[in-house]
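Peer 1: One-letter residues, chain by chain:
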Amino acid sequence: MENRQIKYVARSTAIAARMLDGEMMIMSPVDSTFFSLNEVASAIWQAADGQTLLADIVDSRICSAFGIDRETALRDAEEFVEQLAKHGILRICTTPVANTPPSGVFHR
Amino acid sequence: MAGRVIQLRLSGTSMMPTLWPGDLVWVKPVKVEKLAPGDVILFLRENRIMAHRIVGMDAPAGELVIRTRGDTLPAGDLPVRGSEVLGLVTAAQRFGTGWAISRTPRLASRILSRIVRRSDRFRHLLFTLNLKLSHNTRARRAW
Amino acid sequence: MSAVLASVSAAADAIAINIGGIVGTVHTESPFFRQMLLRHYHDFISLPAKPSFELEVELLEFPDNSDLDADLEVRFTGGCWHLRRGDFSVVWDPTSGRGKVRQTANPYSIDTVLRILHSLLLVGQRGFLLHAASAIRGGRAYVFTGLSGAGKTTISRLAPPHVTLLSDEVSYLRPLEGAFRAFGTPFSGELRQAGKNCAAPVAAIYLLDKGPQNCVSPVTPAEALHALMRNILFFADSAKLAGSVFQIACDFVMQVPVKRLTFVPDEHVWEMIG
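Protein chains in written order, with my numbering: chain A, 549 to 656; chain B, 59 to 201; chain C, 63 to 336.
No lab work stands behind these hints, which were simulated from the structure alone.
Hints may contain errors.
Ranges between beta-carbon positions, derived for each pair [what the hints assert, rightly or not]:
| no. | chain 1 | residue 1 | chain 2 | residue 2 | range |
| --- | --- | --- | --- | --- | --- |
| 1 | C | 141 | B | 152 | 34 to 42 Å |
| 2 | B | 154 | A | 650 | 26 to 34 Å |
| 3 | C | 129 | A | 599 | 18 to 26 Å |
| 4 | A | 636 | C | 94 | 47 to 55 Å |
| 5 | C | 166 | A | 599 | 38 to 46 Å |
| 6 | A | 650 | C | 126 | 42 to 50 Å |
| 7 | C | 188 | A | 599 | 27 to 35 Å |
| 8 | C | 137 | B | 67 | 29 to 37 Å |
| 9 | B | 152 | C | 91 | 38 to 46 Å |
Don't be surprised by glycine CBs; every beta carbon is placed ideally from N, CA and C.
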């Protein structure tokens with residue numbers, strides 16, 4: 549069994565985000581790059597509160613919702629959050645992160 | 059252009075403060091391979107002659123494509139083909155005083171619209187899984 | 063900073079310019095410059111009621127920036143906005159509304175200063191300036207955005223006589239009573255003619271493309287937002303304000319239909335609009 553690092557994921561501060569028609573629109577005002585996240589990417593973004601392990605996000609939000617096996621989902625999720633972290637959208641930490649900004653999704 | 063330098067009077071404020079409306083500009087014919095980002099070029103676009111600055115050049119399918127933008131405009135122009143380039147703007151004159159137009163290195167931050175900088179293709183970040191992400195996922199969502 | 067602005071007071075003969083419901087006054091000692099302002103902003107001259115900014119223009123013989131080619135900088139420090147470009151410099155205090163402009167005697171610098179100040183003030187009003195043409199037909203406004211050469215000026219020129227042009231280059235969009243309205247501006251592009259000083263609710267925004275035939279096609283919200291943000295005129299070096307503008311652009315996309323208009327440059331294109 550692989551020894552995976554403990555990973556907490558947190559939304560970066562100073563990211564402007566908004567859900568439009570099921571897709572998460574994100575702008576990093578720091579470097580003014582603009583992204584749109586598809587459904588699965590948005591699910592990770594919304595769950596990245598800094599207090600939840602990536603593995604738990606995958607278990608609760610991805611595997612059953614999208615019908616994927618845990619190993620595959622976790623491997624892909626790790627690769628994916630590395631990408632988001634490279635663009636400054638998410639932070640990855642080995643301990644919980646406080647003061648994570650809200651996801652920008654408003655539930656009416 | 060047949061090898062001659064021509065003079066044109068400019069209109070529009072898209073190249074301020076380098077070039078002002080009413081400036082007389084000198085345009086000389088140029089081999090497109092000699093052009094570089096920072097150069098101000100004259101090109102034909104839909105029956106109009108435009109003078110904008112080169113912000114990038116590449117050759118994705120072998121043919122040279124030049125990306126230009128007016129200094130005061132938020133977004134770049136539609137790509138310019140080598141064959142559309144009429145010449146290089148080398149000098150300008152305003153109220154009797156002339157000066158050379160040099161290749162000014164413009165930083166990426168020096169554009170008016172800071173909203174979208176790497177604007178030509180926005181990135182659609184996909185979580186790609188090697189499986190069955192069907193179109194019915196919305197209906198099947200657990201939450 | 064504040065010592066400079068303390069001496070700027072609202073002069074009785076200042077010219078008030080009302081664009082989009084936001085009034086700014088400009089005062090100058092030069093009768094020539096004053097005449098130029100009256101001529102250039104003709105349709106937009108108004109009573110100086112409750113100005114959001116009051117500018118004193120000091121005309122220079124030579125620009126005081128040693129780098130005439132210097133690009134635009136818009137920064138907030140020491141409680142004031144500092145606007146600087148090769149051809150002008152401005153210090154503006156948003157609290158008092160007063161500012162001082164230093165430029166040579168030309169109409170282009172002050173025009174840019176006005177665009178910048180309006181773009182800053184519009185954030186507070188949940189509005190924005192867009193690199194787009196706009197026009198009113200049948201009491202509703204239509205906005206056309208696109209790259210240089212995509213057809214903003216062309217579509218403005220092709221408009222039938224009953225269409226009122228608001229601008230061929232800089233559109234002014236802000237919500238009033240919950241709905242986005244487009245306002246006429248004196249900010250023109252190639253047409254070099256000010257738009258009409260009037261407004262209407264925005265019925266649709268078209269992303270322009272030229273093609274072999276006239277056709278309107280749908281656009282995804284992501285494409286719409288991206289196209290909009292590429293064309294928003296926003297100059298300030300402020301991540302916080304940029305975030306606000308992003309949210310405003312999202313509001314707009316949620317409220318106003320966004321479509322792609324591919325068109326042949328002929329007058330029939332206006333049959334597709336509306």
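Peer 1: Does each hint fit the structure? Answer for all of them.
Peer 2: Verification of the supplied hints:
1. 141(C) to 152(B): 34 to 42 Å: 36 Å, holds
2. 154(B) to 650(A): 26 to 34 Å: 60 Å, violated
3. 129(C) to 599(A): 18 to 26 Å: 50 Å, violated
4. 636(A) to 94(C): 47 to 55 Å: 51 Å, holds
5. 166(C) to 599(A): 38 to 46 Å: 58 Å, violated
6. 650(A) to 126(C): 42 to 50 Å: 46 Å, holds
7. 188(C) to 599(A): 27 to 35 Å: With a Cβ separation near 33 Å, residue 188(C) and residue 599(A) satisfy 27 to 35 Å, so the hint holds.
8. 137(C) to 67(B): 29 to 37 Å: 35 Å, holds
9. 152(B) to 91(C): 38 to 46 Å: Violated, since residue 152(B) and residue 91(C) (Cβ atoms, about 24 Å apart) do not stay within the stated range.
Of the numbered hints given earlier, the model fails hints 2, 3, 5, 9; all others are met.
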